[in-house]
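The whole structure should be built from the sequences, with the hints applied where relevant.
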Amino acid sequence: MENLQLIIPELFISIMIMFLLIFGVFKKNSSQLVYNLTTLSLVAALALIINLNTQIQSSLFNNSYNIDNLSKFMKILLILSGIFVMLSSSKYIQISKISKIEYPILILCSILGMMVMISSNDLIVFYMGLELQSLALYVLASFNRDNLLSTESGLKYFVLSALSSGLLLYGCSLIYGFSETTNFNQIMANTKEVEYGLTFGIVFILVGLAFKISAVPFHMWAPDVYQGSPTSVTVFFALLPKIAALTVFIRFLYIPFYELVDQWQMIIIFLSIASMVFGAVAAIGQKNLKRLIAYSSISHMGYALAGLSTGATQGVQSSITYITIYLVMNLAFFSCLFMLKRNDKYYENIDDLSGLSKNHPLLSLSLLVVLFSLAGIPPLAGFFAKFYIFVAVINEEMYFLAIVGLLATVIAAFYYLRIIKIIYFDPEKEKFETKHNLGLKFTLVASTFFILAYFIYPSGIVDIISKINIS
Amino acid sequence: MNFPILSSLILLPTIGALFIFFVRSSNSQYQSSKYVALFITSANFFLSLYLWIVFDKSIFDFQFVEEREWISGFVNYKVGVDGISILFILLTTFITPICVITVNATIKNRLKDFLIAILILETFMIGVFCSLDLVVFYLFFEAGLIPMFLIIGIWGGERRVYSAFKFFLYTLLGSVLMLVAIISIYWITGTTDVIKLYELGIDAKYQNLLWLAFFSSFAVKTPMWPVHTWLPDAHVEAPTAGSVLLAAILLKMAGYGFIRFSLGLFPDASLYFVPLVYTLSLIAIIYTSLVALMQEDMKKLIAYSSVAHMGFVTLGIFTMTQQGIEGSIFQMISHGLVSAALFLCVGVVYDRLHTRLINRYGGLVSIMPKYAIVFMVFTLGALGLPGTSGFIGEFLVLMGAFKKNILVATIASLGVILGAAYMLWLYKRIIFGKLINEDVKKMVDLKRFEIVTLWLLVLPIIFFGFYPEPLINSIEVSVANMIDMNDFDKINKLALGK
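Residue numbers (the numbering used here), protein chains in the order written: chain F, 1 to 471; chain S, 472 to 969.
Mixed in with the good hints, there may be bad ones.
To be verified - Incomplete in silico selection of chain F near chain S, CB under 8 angstroms:
no. : residue
1   : Thr39
2   : Pro379
3   : Phe390
4   : Ile394
5   : Asn395
6   : Leu406
7   : Val410
8   : Phe414
9   : Leu417
10  : Tyr424
11  : Glu428
12  : Pro458
13  : Ile461
14  : Val462
Claimed, not checked - The calculated lysine to aspartate or glutamate pairs, modelled on EDC-like cross-linking and capped at a C-alpha distance of 16 angstroms, are:
no. : chain 1 : residue 1 : chain 2 : residue 2
15  : S       : Lys505    : S       : Asp584
16  : F       : Lys421    : S       : Asp822
17  : S       : Lys912    : S       : Asp822
18  : F       : Lys431    : F       : Asp344
19  : F       : Lys358    : S       : Asp584
20  : S       : Lys528    : S       : Glu947
To be verified - Computed beta-carbon distance windows for the label pairs:
no. : chain 1 : residue 1 : chain 2 : residue 2 : range
21  : S       : Ile838    : F       : Val281    : 41 to 49 angstroms
22  : S       : Thr826    : F       : Thr434    : 38 to 46 angstroms
23  : S       : Asn830    : F       : Asn288    : 43 to 51 angstroms
24  : S       : Met956    : F       : Leu438    : 58 to 66 angstroms
25  : F       : Pro361    : S       : Asn830    : 39 to 47 angstroms
26  : F       : Glu433    : S       : Leu747    : 40 to 48 angstroms
27  : S       : Phe474    : F       : Met220    : 55 to 63 angstroms
28  : S       : Asn679    : F       : Leu155    : 38 to 46 angstroms
29  : S       : Lys667    : F       : Leu40     : 31 to 39 angstroms
30  : S       : Asp910    : F       : Pro361    : 31 to 39 angstroms
31  : S       : Leu747    : F       : Gly177    : 46 to 54 angstroms
Derived by calculation from the structure, the hints in this document are not laboratory data. Remember, it's a predicted structure, so these values are computed and weren't measured experimentally. The beta carbon of each residue, even a glycine, is placed where N, CA and C say it ideally should be.
And the structure:
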């Protein structure tokens with residue numbers, strides 16, 4: 001008999017999805033209620049996950065579903081970001097007239113898919129989770145269906161994502177063909193020597209995964225989709241799929257193919273360097289803040305991959321630290337975006353920020369902190385994120401990667417500084433509204449405080465993450 | 472000593488900044504936030520003065536050391552002072568209140584934000600001089616960029632955006648390589664604790680690359696030729712208080728870094744690269760002095776003279792002799808006082824006439840006699856007249872240089888002459904000459920707060936010019952230890968024997 005209590009959070013979310021769907025259909029005008037219930041059920045799921053005992057690593061369903069420290073930590077990150085995204089974007093959804101009951105339910109669906117991805121220890125289970133989250137995301141991207149850009153972004157995301165899923169599935173089939181199994185642990189046992197077919201399989205799967213975290217050269221969709229989608233969906237895109245995809249990256253590279261590190265290391269290094277440099281250079285010319293943050297997140301994913309490319313546990317841990325701090329920074333950035341509202345219209349161009357500091361000193365101060373942190377200037381949290389990555393990278397004597405990465409931070413600093421320049425040095429414009437809902441304010445204050453105060457006690461997160469070991 | 476005096480020094484300005492930030496102010500309270508800042512910075516000065524008095528100058532060990540676990544099992548927060556760093560802390564805490572006083576005339580808008588930036592910057596500057604861990608040092612060293620960027624960008628002149636970006640990106644580019652080097656040191660030796668690294672030493676085969684990585688950062692910050700171009704821009708556009716802090720303290724971080732890290736951690740590589748540093752220093756001394764002669768903008772002239780003076784500093788440090796290093800430290804302190812004073816002087820006339828072009832002035836001696844007197848003292852201090860602190864520094868540096876390489880010393884001495892030329896010419900064109908400009912006639916002499924700030928700087932310049940003992944006394948043992956520890960003397964003798 002399977003030990004089902006280990007997957008109670010997943011079961012709970014599935015039940016909530018069905019319940020909310022029925023509830024929303026039968027009760028008229030319940031979109032706001034469903035939205036709040038979704039947030040509450042995420043909180044409940046968070047409590048359930050924290051409650052799980054992962055002292056002993058356990059697996060279910062013929063060892064195809066793993067519950068360990070890694071999955072627990074990543075799920076907590078996932079659900080926490082989900083809660084904060086819901087809190088910060090509730091007002092936006094009402095004003096942009098996309099407040100429908102399907103919206104929160106789709107978010108729940110994709111979160112469920114991501115949880116499955118995070119725990120998967122089998123190619124088929126992993127693919128199932130991936131498709132569940134992707135299908136929900138396609139719809140979310142085009143949720144503002146009367147808007148041309150939103151529809152375009154949804155379609156673009158669907159076509160390109162389907163292509164990458166196809167490649168990924170082909171890679172899975174190749175690996176199955178050469179190792180006679182889909183289970184990660186057994187793949188490791190069955191593949192002792194390097195075979196071409198296997199390498200091809202790895203490459204195809206890496207392409208599919210790189211697409212999901214928008215690493216160069218599979219990043220084409222990101223800027224358009226970030227810009228076109230409603231901002232509440234963009235923040236979702238920027239945070240949650242990255243957590244899930246990174247976890248799969250870790251599991252996939254470090255469990256079945258750890259022995260073949262020579263085969264995939266070069267690929268990851270290439271993806272990493274290309275993303276860091278391209279993300280930094282391409283963001284310089286951007287005028288739209290959402291587009292800019294898309295390029296910035298491409299570059300940040302490059303750093304996270306740099307940690308993975310080391311092939312050492314320390315590197316993986318540094319990547320996890322990186323993604324944690326990245327989430328907080330992006331959450332703070334998007335909270336600021338949600339505050340740029342005037343007469344029920346949201347502003348998202350860089351020029352709209354002009355002279356912001358004169359009318360909104362506190363908002364600009366948080367933006368200042370967030371941007372310097374994204375640029376990786378000490379003593380803010382973003383610096384420590386990069387610092388851990390480079391500690392791991394240099395430990396493996398990959399000096400080239402480290403130096404390229406650091407030079408890319410200098411290039412990237414330029415465009416972050418440009419935004420700061422517009423906020424602080426340029427002449428002021430009209431005032432924005434100053435009334436915001438509590439959830440949004442709380443998100444911004446909490447995340448900014450985290451970024452500012454991280455240096456006081458940097459070992460807190462590192463200690464938790466150092467308990468994660470991949471085997 | 473259980474009281475964490477160094478951490479208090481570091482934290483006090485930040486607490487003041489938080490206080491100013493959280494106290495909501497109407498327009499009338501603007502003034503009161505200035506008094507808070509003045510109070511905090513003065514308190515910090517007296518605290519550091521107390522530190523200097525109780526500091527035991529007869530031993531070379533680091534004193535007042537505090538150590539706390541920070542990033543567990545990796546980096547400890549460790550601060551401490553020796554005879555060298557305590558002087559720089561004193562300089563920092565002395566210059567900052569003077570900057571706070573000057574905001575009266577120069578900062579017209581967003582005074583509160585400006586004071587917060589200055590206070591936060593003071594925290595980082597003091598942190599740089601006391602940190603005894605490479606990562607902590609890097610953290611403070613880099614963090615100083617943020618407030619300085621804002622000071623130049625928000626309160627600067629016309630081309631402030633360009634200058635602020637140039638300042639930020641140049642310095643950042645220089646220091647990223649240092650971060651790689653610091654992490655490499657951690658993996659090579661297993662620690663980033665400076666005291667332990669002094670004992671352990673670093674394998675000679677790694678030293679050259681590591682030295683270059685540190686050098687790239689310090690050379691930009693010093694600034695040495697050819698990466699000095701950000702400095703004139705930043706100085707010209709920064710508000711007076713910003714220029715003062717930049718010239719007096721931020722540049723000294725690099726000189727301090729050379730002594731503490733380049734010499735201390737990589738003695739072999741330092742010896743290896745002596746010709747490189749000599750060459751760059753000499754070019755800086757001669758070339759930028761010539762450039763300074765050609766300037767029509769007062770602030771630019773003083774900025775180029777800073778590059779030349781810092782050339783003396785790097786030259787002195789890499790003579791690796793007792794006199795040379797002591798002279799460099801003395802020169803840095805003296806230059807900190809003199810250049811701060813000169814920028815304040817420029818600020819005084821700029822506030823009245825709103826131009827920095829030298830040819831718009833002339834004949835000030837008859838309208839502003841008090842100004843003419845203090846400006847003269849600073850001019851003489853800058854060109855190194857005996858009896859001012861500038862002389863002692865340059866003299867000791869040249870003495871150290873003559874010991875090692877006569878040719879280098881001779882060329883450097885030419886720089887002294889050029890220095891006298893551009894400073895005296897500047898003085899002549901501004902203070903003497905005919906009163907031709909109508910606006911100049913309407914200028915009023917020094918106001919009370921300007922007299923206070925400028926005379927506060929005159930006193931130490933003259934005092935240390937006649938009686939350098941207190942400063943020399945404080946650095947002597949530490950410098951001697953540095954030379955002993957790395958066997959520079961023995962190597963020097965070997966080199967002479969050849």
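Which of the numbered hints above does this structure break?
1, 11, 13, 16, 21, 26, 28, 29 and 31
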